[in-house]
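Visitor: Sequence:
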Amino acid sequence: MEFYGREAELEQLQSINSTSRQRARMTIITGRRRVGKTRLIKQSLGGQPFLYFFLSRKEEPLLCRDFQEQTERLLGVKIIGSITRFSQLFEWLCDYAQRAHLNLVIDEFQEFFRLNPAVYSEIQNHWDQYKDTMKMNLILSGSIQSLMQRIFENYQEPLFGRATAKIVLKPFSPGQLRKLLELHYPDFTARDLLTFFAVTGGVPRYVEYFVDSQALTHDGFINAFLDGTSFFRDEGKALLLDEFGKDYGVYFSILSLIASGKTDRGTITSTLQKDIGGQLTRLEAVYGIVKAQRPMFSKPNSRNINFYINDEFLRFWFRFIFKNQPPLEIGNYDYVREVIDRDFSTFAGVALEKFVRAELAATGQYSHVGNYWEKGNQNEIDVIAYNELTKQALIGEVKMQAKKISLDKLRIKAEAVMRKLGRFEVAYRGFSLEDIKKLG
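Numbering-wise, our numbering puts 131 at position 113 of the sequence shown, and it's gapless, one number per residue.
In short, the hints are calculated from the structure, not lab data.
Keep in mind it's a predicted model, so treat the numbers as computed, not measured.
Using N, Cα and C, we set each Cβ at its ideal position, and we do this for glycine too.
There may be inaccurate statements among the hints.
[Claimed, not checked] Here are the computed distance ranges between Cβ atoms for each label pair:
no., residue 1, residue 2, range
1, G284, K341, 15 to 25 Å
2, E200, D146, 44 to 54 Å
3, R321, T289, 15 to 25 Å
4, N172, K341, 28 to 38 Å
Sequences are here, hints too, so could you generate the full structure?
Guide: Right, dumping it as structure tokens:
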């Protein structure tokens, strides 16, 4: 698939590149794996030469040997002696960048925690010494967000406050997914679009797989997960094992329950029969995989909280793949397909609500977009959007089938919300599956 989107990020990186020709710049790029960080970096550099150091799971002396060879080859120089410590190579590059502009990309930067944590202090020392006199465009990319946060946002860490720019790369939006289908499969249905969103979450690597495979239908998406050779089968585990470490079992159990619709703390705790407050907090605050959501208009300290997985791919994986490992292991794909066929409409209903809210937020017409429910998940309202300046609001109901939408019932449910909206001019609207082809 051709490079797509990322116009704002490209413009920012190209501007940083230009500025770095006068003074060194350190840019952090984070985001979940497969979101396209490396491809974005390479695209932003165009045809310019750059050093690309990928921190694979080798020992430091072996990595330094590879990096030294790459440096000598790209820059056309001979480094005297054999470099065995990254600090030595980085200092040499800082010295070089005093005389000539240098693009340096270090990928999976958090891996130095495993290789040699002292490297961060050594990089800080060299950076502080040379940054005002060298012309370096230093880009540090990482996928384990908890560690990248620790490196750059913990004031006790040596690189705290050193970065001059930060980009958190997000998946493609629902609107971008629709445009991709319009480009590559103009005959798509609303169901195809919703499934595209629900199983990929807009993650570029997954999107690219389906575009290149021309498997852009509902059945094509589902079949890819049930293919015995597909990388999707183990993808959830591959993404999260490094994040969670030896405690992954508890985290996986929590995520599986949330994906199955058990979204409040009490239900999760009683099902697992253990206190999981600490894990829920880390899933949200450290890993960014789970989000604690309160009803719109609730107080910040309200305990009326539902948890949801903040990644559509992982929500699908934990709901249908992780939960059905035994039949998948013995090759009973037909059984898992029957489970998906049986439950997908309910599963996709939540994705449809997220799709609609995301598209409304993307219009720029509203200052707040969310949903509402009362204790015990009663009196649920799927969409509330309002503009604080214009005093206009939208209250919406989302259903897979248009015939199931009742605006009269919605008005009755919204009476409590209307008291909170005060003098807002309120419109009521229903959103069905077919509407997502023309939203935005």
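Visitor: Within 15 to 25 Å or not, the Cβ separation of R321 and T289?
Guide: 19 Å, holds
Visitor: Just to be sure I understand the hint, the distance between the Cβ atoms of N172 and K341 should be within 28 to 38 Å; is that true here?
Guide: The hinted range 28 to 38 Å holds for N172 and K341, with Cβ atoms some 36 Å apart.
Visitor: Falls inside 15 to 25 Å, the C-beta gap from G284 to K341?
Guide: 21 Å, holds
Visitor: Lying within 44 to 54 Å: is that true of the beta-carbon distance E200 to D146?
Guide: 50 Å, holds
The structure shown violates none of the earlier numbered hints.
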